[in-house]
Structure formats: structure tokens, C-alpha cells
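Student: Read off the chains here:
Number of protein chains: 4
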Amino acid sequence: MDYVYGPGKNHLFVPGPVNIPEPVLRAMNRNNEDYRSPAIPAMTKTLLEDVKKIFKTTTGTPFLIPTTGTGAWESALTNTLSPGDRTVSFLIGQFSLLWIDQQQRLNFNVDVIESEWGQGANLDILAEKLAADHSHSIKAICIVHNETATGVTNNLATVRKLLDHYRHPALLLVDGVSSICALDFRMDEWGVDVALTGSQKALSLPTGLGIVCASPKALEASKSAKSVRVFFDWNDYLKFYKLGTFWPYTPSIQLLYGLRAALDLIFEEGLDNVIARHTRMGKATRLAVEAWGLKNCTQREEWYSDTVTAVLVPPYIDSAEIVKRAWKRYNMSLGLGLNKVAGKVFRIGHLGNLNELQLLGCLAGVEMILKDVGYPVKLGSGVAAACAYLQNNIPMIPSRI
Amino acid sequence: MDYVYGPGKNHLFVPGPVNIPEPVLRAMNRNNEDYRSPAIPAMTKTLLEDVKKIFKTTTGTPFLIPTTGTGAWESALTNTLSPGDRTVSFLIGQFSLLWIDQQQRLNFNVDVIESEWGQGANLDILAEKLAADHSHSIKAICIVHNETATGVTNNLATVRKLLDHYRHPALLLVDGVSSICALDFRMDEWGVDVALTGSQKALSLPTGLGIVCASPKALEASKSAKSVRVFFDWNDYLKFYKLGTFWPYTPSIQLLYGLRAALDLIFEEGLDNVIARHTRMGKATRLAVEAWGLKNCTQREEWYSDTVTAVLVPPYIDSAEIVKRAWKRYNMSLGLGLNKVAGKVFRIGHLGNLNELQLLGCLAGVEMILKDVGYPVKLGSGVAAACAYLQNNIPMIPSRI
Amino acid sequence: MDYVYGPGKNHLFVPGPVNIPEPVLRAMNRNNEDYRSPAIPAMTKTLLEDVKKIFKTTTGTPFLIPTTGTGAWESALTNTLSPGDRTVSFLIGQFSLLWIDQQQRLNFNVDVIESEWGQGANLDILAEKLAADHSHSIKAICIVHNETATGVTNNLATVRKLLDHYRHPALLLVDGVSSICALDFRMDEWGVDVALTGSQKALSLPTGLGIVCASPKALEASKSAKSVRVFFDWNDYLKFYKLGTFWPYTPSIQLLYGLRAALDLIFEEGLDNVIARHTRMGKATRLAVEAWGLKNCTQREEWYSDTVTAVLVPPYIDSAEIVKRAWKRYNMSLGLGLNKVAGKVFRIGHLGNLNELQLLGCLAGVEMILKDVGYPVKLGSGVAAACAYLQNNIPMIPSRI
Amino acid sequence: MDYVYGPGKNHLFVPGPVNIPEPVLRAMNRNNEDYRSPAIPAMTKTLLEDVKKIFKTTTGTPFLIPTTGTGAWESALTNTLSPGDRTVSFLIGQFSLLWIDQQQRLNFNVDVIESEWGQGANLDILAEKLAADHSHSIKAICIVHNETATGVTNNLATVRKLLDHYRHPALLLVDGVSSICALDFRMDEWGVDVALTGSQKALSLPTGLGIVCASPKALEASKSAKSVRVFFDWNDYLKFYKLGTFWPYTPSIQLLYGLRAALDLIFEEGLDNVIARHTRMGKATRLAVEAWGLKNCTQREEWYSDTVTAVLVPPYIDSAEIVKRAWKRYNMSLGLGLNKVAGKVFRIGHLGNLNELQLLGCLAGVEMILKDVGYPVKLGSGVAAACAYLQNNIPMIPSRI
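Chains as they are written, first to last, in our numbering: chain G, 1 to 401; chain E, 402 to 802; chain A, 803 to 1203; chain C, 1204 to 1604.
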């Protein structure tokens, strides 16, 4: 029962799940183990310590939860808030929409700040709300750092500045699913209270780990939060942290070893080099889009995402057809336009363990597809633009010099 | 960061996670894929159809949830019940205890029927409660089919008979974590409303899938159940089932291919042959325990488990020392005694993709450890007893004749 | 002891060893087995039958020898010839040179027809020699189908025509190392007596199998050939073929399963589709080279190779520097210029399990490297030329429509 | 095309190929690489240095040849001897027989000292021959350290003593295929001139590497040896050793990484601990055989092999039936009796990466099979005898204390 075969490597350019590096695949190619042997707690201890580095926190407490990003969201919310609590949340695309939907279904009182899809979070309105909230009825600001559906990166530093400016005690809960480990993310510096990501994104693992990090303030909030939770309850983890056995229920042995290998690779390259590589990939992609004469779904440069680019197609083209041809003719996986932008955008994910030549193959493929679907692209133009930038900016691979 | 090395294969005899067969490891040794390509829904469709077979249901609706057994419990409860609902639950060991704890934390009104650890669910008291419950205040019977902590298998057929006898409409929710795919389990015949297992048990996969199956009655109940749920909400799955895309959030590609391979192996062997193999393993283990002059924690034959045997040690021995020596001297992983039976029992898991000679190696190892810790075992005695039975009962491997 | 790490996939464009497809890696991810069990002969039988298809022979006898291409050469020669026998051999590049060296060291009387590197075998001289050889002193024509060092494909059909024309009984021994399974190769139609390849080339396996196929005439010759041989003796294989156990010494279990998977993939794609794909890759590469304003080392179109392109660089550039930068800056592996063309050419291998977008990524990378080393390439030009051709010629992936 | 499936792990107890440890499987689970990149020579250098340790030589020169044990034999002979040279060789079983056959086919003048199968090399006759050979017509003593067909280990120290005693300059060529890395082997101390093994034996890798180590005297002999050789010519390797690129033809990338991992495991356990483990396994197996009332094919204790035990069965039993039932009923692979001892012995291989509990499972299985075929074994008796010894002798796993 293998999937339909195509020659060569699948070109995986959805914004997650992303390519798994070979050393990580190797690390996970193993039998199950008893997670109660002395080996697993020993390894877990290093994981919990090292995973904090990708959040850039020294004071946070991380949780490795056997779940997806959706579960990580639920963990962030239910551990810090009580039913009826007011949250401020930004609706700017499909994933922020889904998180808001979750907040509503979990019975929070969600104050939605909506923007056009393609715009970032409207922080002016946030400022107004904070200014007006003398009673501190807002318990949490919930914000997606990088909206994967539209390729929009929000400015978290400004959010923190606003909270500080208004001396507002609201918790800052951040979905970093398509940002952490790829974009510049600074949990401690930005005073993020809960940050979360999923293993299948920039960490370049299989799906299966929701990685959540809680500030001391968030941990404190969890003591009084009244949301019903069991599977997602941080307290169960904390109990086992104290015991030194770490796991309230069975972890995936393979994902633990995989995470160990993934972190090792990231630290070997250097987290800041990883982030710089994503910056290059994002820039190169946008230069190609520009050369093709197409528009970025993201409306302003300040919001450009270095992990995913949503490309607007002309009205006479169905972007779903582009994604379909990528799969059927070129063995490439691109991201669909979702919900409001369905048919209007296709997405190029450029995050995780990926290099420039992989991206250039993708861009060349996109050019051919654009031609396939009747868009008058000049073949090679996007690649040329990207190369012109990259050739000046790719560093030597440090370990190879 | 590999764990401390020991020569040869690790002898994994904890009652889960269990040994992963090579064909399953191979199937999972793969890069991520776009789960929105046509390939994944096509495969998922076969999985959902085939996974019903291991529950022996044709009318149930399965859910493959990226979670653990604990999450599967939560899914079973929150989708069918409302806060305050009365459940009847049996406390007979650590895992039934944890499930009861979860029920309480989820705000159900749990009517606990407690038995001594080593005994099965007290069905006489259940009968009394059902008889007395004219108002049908009992909304669900929650029962662990096989209590992994004590090696006790409960009689589900009798539970169904009692419900039918008293014409009681309570839902029957069954934890089949350490039973399904190993013990005789008949969802339709026994009128089970929700049954669940985890991928790392008899299916012999890594941890990461909670597999839940709901009867039509349970699905109906989910429409009015008021428990708050998002990540575990069946409704999100059902919506995507209708769309034919199947996944409300990102599945683990690797576990899907692994599940496909695992099911293929089970059907190749034949589910009933798989169950018969577990029957042999259980019987052989108990014969060895008897030959060693030790007691089974399980107090009566009717409750004997064919997936895990909890062995009582004499009071002058600490069973944790046995588990420790197994690991440190023999590269074997045995199960600890948990909670009330900590120090008093060690457990031999004999479930999943395992054969008789593997078990005999384990039994020989246990004999040496018993001697190590000062128990006057006759070396070879348990193996002899097990062999005498097995030599008469192991069938030829059908595909090899 | 992992090799120096670079982010993303290594772009492997040496003309062998080539990229291994995931299904083949999976098939080889396994423990050893007893090769004397009934399973291995059963599988071997299918391999021997199916491997003939990639040679396009129904009358040949294949041998799967645990060796490399060098060993396969030795097997071809020592089984068919006796010391002192006259062979005619063409010196056109490094690999034909090495084969000639082997022939001389094995004490054959080698009649070398030399051409400039970049030219094909001089068949006019062959014709003269055949015409003059009334005594049939020439026992074998040894020819490399595709000279990997210079990217030159020889015309085997013409060689056969010449032999037929002169009614010359010489054996036709063909090195198909970088051709079979990628270029059009017709053992029976062309009357090839021994053809050989290595597993790490177009079959896309690891190194370790020399695959040799002998015509009935070659088998007959082996009965009287006096070259000393044991490890490479076909007779030992034939003896075990008759016994139905197939293996005179221990085969690599992993490579057998890998070969099974590799053949399955080739037949799934269709051998002729595989060859057509290589034709596209070769053509696209040459169009890029032309667009860059560079020369192909291969001097005439009739000799162009669809598996490897050797690119001549201007005299002021050291081609080794290109290969070095590919590795150190772009995580790409290109082929060095060897021997006479060292420093003068770099090689792009485009054979095996590879697709067009992978090649386009490589071409984009080469453009950047050319710029790096001071060649005034127009960035994007090669990719544009390749895309213009490919966009019109890539077929839909049949299994995906 | 998977082989016929049986539940659980295959119990692999043939004397090679043996079980591959998981870390080695992981190390080999990788794509091909360019072997001309800087990474492969760097790794090769460590391999060549470290592989000498398993030969216990500091003065030897190792060759990692892409071949099997048969090829390694050929390499040892053709590099050191000339056609017509007199060798003294011991015929004591199937593998020494095959090596003698090879020597004869390579045109050496083989002086065969034959013993009954089950006996070791007759060193008294060797002494006579050496004493009589005043002209030093004997150019090499060829001896199999451990005859895998009969489980006989020859005394190499005595061979060296005899050569020294008679001041005989003959080369000492040793087949260490089923001994090196498992039995005590001391290349330098015993003055061995060529020693060789195969990757699939005690090194616990897949088949594919013939590992040959040559003393300075053997290297010197290779300069004048007139045997025709190309593929197996050490000189080609030495040329590339000097260049620092190491490989005259394409190596298997996977086997190189696998060898690296295998050596790492051996050094982590400690070579002497590895050897001690084999001593335990051999002893335990023989105790079981004795307890079953069966005879060891090996006639005297001094020759007992710690890597393979050949067990004689009573005349009324066909040992092939035992091997067949092991496979068909118990998913176990035992070694057949070969040639003269076909039907009379079955063999238990206990070498490589294996631990005691694995062996005990095997022994329990053998007991059941013996009963299956009508031998009146007392079930459990062999396991009891083995356990009594092992329980007193297995050390703690050092890294785990």
C-alpha cells in the first residue's frame, strides 16, 4: 500500500509537514523501548533543557505533548484561562480563524479583531482596547505569530510594547507553529506567556509533538484556571517532572529520539544561522514572485513571512489547478489556498530543513506550471531573480570549510 | 545521544509499548508528505474501513486521533457525556484508577465499584446498581477490558447481558488498550458503545494514535453531550469524513503508513490466529509462574489475562529490584508494580508482535533474575513447563508450509 | 561519525552512486536473514527473471555478483577469454582506459583504438580491423556503451552491424555501467554477448552488485576460456542455479530486497518511460550548457550522453574549483574531471531515480557557482532554456492521473 | 515482495549472516553519497585505523574489499603467491574444503592435510612437513581459524610455534571469517601474515565487505607474487592510500557508515568483553547439548568453537528436518549440516551482536524441535544447564550500572 509512485524525490513545499532530514529519519528508525527505563528520563531531561533554546527562554517551562498544533492551542488556553474569560484574538487567516473557533468552543469570551486576509494583526485596535480596559477584563491576547494561510508575520515586539505601555496584565499567548525555529522568536524578551509549535514544522520532524512553553506567570495562572482539562493539564506533567520520570502517559520513543537529533542539527548549524537561512529563502521566493509579475497575498512588506509565501494568481486562473498540476506532473507539493483565499492563492512553504537549491528547483517548477495554466510567465525569470540575490548571500557551509 | 548500549536485542516485555515488527518499521521509514494530496485520503479510507475489523464491528465509526490512550479515554467520555452525568466505573488497578480520576476531573458523577487489586470488576454490584436504577440515572458503564496493572481481564459479555437483562440504556464504554487486537473483543456482539486502544499496544506501532470506535448509539449521544471538547471532538472528524479529506488537523504520515502495514500483517496472520497466539503466550507464562512456585496477582482463572501477567513476589523480595536487574544485567525490560502493588509484583507483557521463542528467552531470564534476588527457583523449571505446553500447541506458520 | 552536516538534502549529481529512492531504502532497512531458507531462493528466482528485462534479453543468463563494476568487468573477461587472446578495445576516456588496463593485466593482447577524449569509439578503424582479420584472431570487442568520464555514448547497433557485415565471430562485451536501465540498450537485438552494470548506477541502489548478463554464445565460450578465475567464475553460479539454491557464496540480503524494490519501481514507471525520462534530462542539461555559452566535452551530437554531461570550462577556470564550491557552499555533489580532462571539465550526472525539478535545482546551482568562479554567466539562462524544453515535454505521472 | 511472514522476530542462529544491531541498521539507512567528497576519505581513514584493532595488529595493513569471504580468500592468495607455489592446507570441513578447492583452481600446489570432520587441523603432520621441508618449498600455510561447518577452532598459536621452531619462512594465511571479533585472535602476536573476515559475521553487518589484513611480510610478498589479479590487487588500494582518496573503485557508502557504527559498538562494549561474551555463549550452548544427551560434532574440548556449535543427531533423525521445522514452526533459522555431515548435524550459530536471553530462547526452541522429531529430550533440560552456568557468569552491562 504505497502511494502512487512518481520518479525522483517528492518536492515538498507545503508549509508543513516539511522535509525530515536524514539524520532525524535515522534516529527514529528504531524499535519501541520501555519509557520507564533509566534511559528515557535521562534523554528527556536534555530535551526539556534544550528545547527552551529554540524559544529563546531561560525562565519558561516546556511541555512535550503527544498531540498536534490544535492540541497545543488547547493546552495553552485551558491551562491559563477560565470559562467566560475575555480574550483578544486577531482574525487574519485560516489558522487564526480556527484558533478563535476553538476559543469560542472552549467558552471564552473572544473579542475578535478582524483584518482583511493578507494583512497582519491590527495593533492599533489592540492599543485602543488595552487603553479602554481599565478593569483588566482582558485576560489574554491570543496571537498567531505567523499566519500560515496568508504568509503574514505579526510583530510580537510591538504587542509586548503595547501591553507594557498600558501596564496591562493580560497573558500573551502565541501560536508559533510556523515561526518558532525559523523566524526570530524571543519568548523572554517579548514577555510571551505561552508559546507553542508543532514537531512537523520548522523542527522538521513527523507530526506528533505539540511543544508548549509556559512563562512563570502562565504557570501561576494555571493554578487558578478553571477550564476543564485532563489530557492537556500541565499539572500532570509538573508532577512527573518533580518525580524525575517526566511522563504522565506514554511518549513516542521515536519522536523523542527524533527531537534529540533535530535539536542537535539545529544547534550544529546554529539557531541564528537557521533563522538567517529562512530569511534568505523568504527573500528569494518573494523576488521570484515579483519577477513573475504576480502579487504576494501579504499586503505590506512589514508582514512578509520568511516561512511561507502565499502567491495571488490572476482571476482567470484557479490556484487549485496549480497545486494539482504540481502534484500530477512535477511530483511537487504546494499549499492550497484555504477558505477565503481558496482558488486565489497557492502557497510555497519554505521552512524547515531545506536549502536554496531545493527552493530553486521548486521555483523553476512553479514557472512551468504557471505556463501550463496559461499565465504568460517568462520561464527562468523567477529563478534568475532568486539566484541573483542568493548568489551574493549564501554563506559557505561552516562545517565544510 | 543514544541510550546506554547493551549487546544484542533488548528483550521488551513491558505491557506496552511493545516490539514493532520490521515491516512496520520499514513502512514508517519515510519523509513527510502533504496530507492534502490525493494519496493520503485514499489510504485513510482503507484504514478506517480495515480498522473496524479489529474491533469486530461493522456498524461502528472509527477515529484515528493523534494522541495516547489517555486522550482516547477523554475522547470517549467527552463526546458521549455531559458534566454531572453519572457513570459506573470499576476500580481494580492503576489504569482503571487513572480513568476514574479522569472521569472525576471531567466533572462526571462517578459511581466507583472497587475491588481488591488482582480481582476483576465486581459485576454483582453492577447488577444491583442497574436493578436499582429505575430512573436510568446511570448514563455510562466505564470498564477497562484488561487491567494492565494487575493482569485482569473483565468479562464484557456478562456486562452486556446485565444491561440487556435490566433493559438499561446506559452506554457501555470500554478501555481496550491492552486487549484489542490481542484478546477476543467483539464490539458489535457485546453492544459496546465506545471502544478504544492505543497504537503502541497490540497493534505494535509507536505511540501516537488513539484509536476510538463509536457505535451508532454513541454517535447519537455525541449530538447532545455537553462536555466541552475541541481537539477530541468527533464532530470535526465527521465533517471531514463527509468532505472525503478525513483530517481536521495534521496526521502523522508515518503512523498512517505504519498502521496500514500493521493491519496488513494482522490480516495476513489472521486476526483469530493473532488472538490464539496471545492465548498461548498467556497460558505458557502462567504455567511458568506456577512452576516457579510463585503466585499470579490475578486471583481467579476467569480473570487471567493473555496479554500481561503480574507476578507476586515473596515479601522478602522487592519486585522493583527484579525489574532493575532485568535491565542492567539481562538487557530485558519488565513491567514494574504500580501504586498499590509497587514492590509486590513485576509484570511480563506478552502482547503484540511476539512469538513463543521470544517469550521463552524472557522466562529463562526471569528465572535467572529470581535466583539473583535470592528466590529459590529451580532454573529451567518455568521454561520446561511452558515448553511442555507450547510444543503441543504451536501451529506451523501457515504461510511457510 | 556523521559526515559534515549541511542543511537540506544533498544534491547528488555525480554520475553514480546516484540517489536511492525511498521505497528502495525502506526495502533494505532490515536485519540479515538466512540465505538458505526457502524465502531467498524464491525471491532470487524472480530477480534473475526480471533483471533480464532491463538488458532487453530473453536468452541471456544473468549473474548477480557481490562486487563492483570493476569486478563485473573481470567477470565478463575471465569467463569468456583465455590469456593471450586478442581483444579490440576503445580508449575514449577514463573508464575505457581502466578497462583496457584490466585487460592488459589479465594478460590479454589488447588492440587499442584510441580517440580523442570527447569523441566516441572510432568504428571506422574497427571496421578496418575486422575486415583485415581473416583468421579471426580477434576474440572479443570490448566497448563501453557510455563513457562516464566524457559523457559519450557509443553506437552499439553499428558495432553489431559491422560484426555481422564481416561475419566476424568475435564476442561483443559491453560495459553498460552508466547506460543500462537509463539509455536504450538491447542485448538480444544487438547481439551483445556480455553486458554488465553496477547496482549504484541507473538501478539507484547502493554499490555492491555487479550485474552481468551472458548470451548463450558467451556461456559456451566460458566452457573453454582458460583465464584463471574462482570468485568470478560463472560456473559456480550455474551449479547452484541448477540446485535451485542460487548462491555459491553469501549474498547481501539487503541488496536482494533492494534490487527487488528497484525493479518494481522501474516496471511500475515502465522501462521505456524511464529511458524517455533520461532522454529529457540529457536534452535539458545540454540546452542549459548551451545557454551558458559553454561547450559540451562530447564533440558530436551523435555521441551525446543522456546520463552524464561533461561540461568544458574556459581555460582560466579550474573545474575542480567548481566541484569544490558545489560541495562547500551549495551542498551539491558534481563530478570531477578525471585524468586527461582534470581541471577542464566538470560533470553533471543525470541518471537514476531523478526528476526534472531536481535537475533544475542543480542547474540553478551550477549557474551560481559559475558566477562564483568568475565566469560571466547570465543567471537563470540555463534554467530558462531547460524549462522551455521541459515544460513542453514532461508527461503527467501516469499513476497520478 | 516480502518473504513469507511469521509473527515476532526471526530467531537468526545460523553462523552468519548474523543479527545486525539497530544502531548499525540506523547508520546504514541513508542515501548514496559522492565517495570523492572530502567526507568519505576522512571517514575511511578512521575505519582503516580502527579495523586493525579487531585483528590485534599495529603493523598490518587492512583492505576493505567490496566482496565476500570467498573473494577475501582470493585476495589473500593471489596477492602473496605465484602459480605452482606449494601451500599446506587443512581439510577439516566444508569451508576449509572450499578454500582448498579455490587454491587448486588458482593453480597452487596444495598439500592437503586431512582430518576427520569434527577434528581440528592435524598439527603433528604439519610439524612433520615443516621438519622435512629443508628447501622451504612450502610457501604458505593456509588455515581456517574456525571451521564453521563443524564448529572447530584451530590453535593458531601452536602453528606459529611450529613455524618458529623449524625456522620456516612460510607465510601464515588465516581465514578468520567466523572467528575475528568473536574469538581471541592475535595477528601480531601469532605472526599471521594475512588474516581475513567478512562483514556479515562477528562484525554483525550485512554481507558485502571482505576485510583483509596483511603483515609487512605479506605486503613484501605481494611485490613478487605472480598470480594474476586486478579486482583483488592490493596494489591498487595502496596507490590510493598514498593519494589519500583510498578507493580504487566505488565503495558502498552504506557499509562504510555501517562499519563505523559496528566498530563503535564493539569498542564501547570492549573487544575483550565481546570475546568473553562469545566464550559464555559457546559454553552455555555446549552445556545444553550435553544436557540433551547429544554429542557435539567437535571431537575434543580443545577444538570447541565459541561461535558455532554443530550438534550431532541420532542416526534415526534427519538433521535437515530440524532446520526445516525451526523455520516453519518456530520462526528460527538454524544452520544445516553441510556436505559430509549433511543430515547428521545441525548448527547453532552464536556469534555477533547477540545476548544470552536470545540464545536461551533458541535453546528452548531446539528442545521443542527435538521433541517434534522424536528425540526423547527432557524439555527444559538444556535451558536449565545453560542458565545454571550463565546466572553465575553474566556480568552487569557496564554502561548501565
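Don't read these hints as lab results, they were simulated from the structure. One thing to keep in mind: the hints can contain errors.
[What the hints assert, rightly or not] Here are the computed distance ranges between Cβ atoms for each label pair:
#1 C:Ser1602 <-> G:Ser82: 34 to 40 angstroms
#2 G:Lys53 <-> C:Pro1241: 27 to 33 angstroms
#3 E:Lys624 <-> G:Asn109: 24 to 30 angstroms
#4 A:Glu1070 <-> C:Ala1245: 35 to 41 angstroms
C-beta atoms are modelled at their ideal positions from N, C-alpha and C, and glycine is treated no differently.
Student: Compare the structure with each hint and give your call.
Tutor: Here is what the structure says about each hint:
| no. | hint | verdict |
| --- | --- | --- |
| 1 | C:Ser1602 <-> G:Ser82: 34 to 40 angstroms | violated (49 angstroms) |
| 2 | G:Lys53 <-> C:Pro1241: 27 to 33 angstroms | holds (30 angstroms) |
| 3 | E:Lys624 <-> G:Asn109: 24 to 30 angstroms | holds (25 angstroms) |
| 4 | A:Glu1070 <-> C:Ala1245: 35 to 41 angstroms | holds (38 angstroms) |
Hint 1 alone, counting from the list given before, is not met by this structure.
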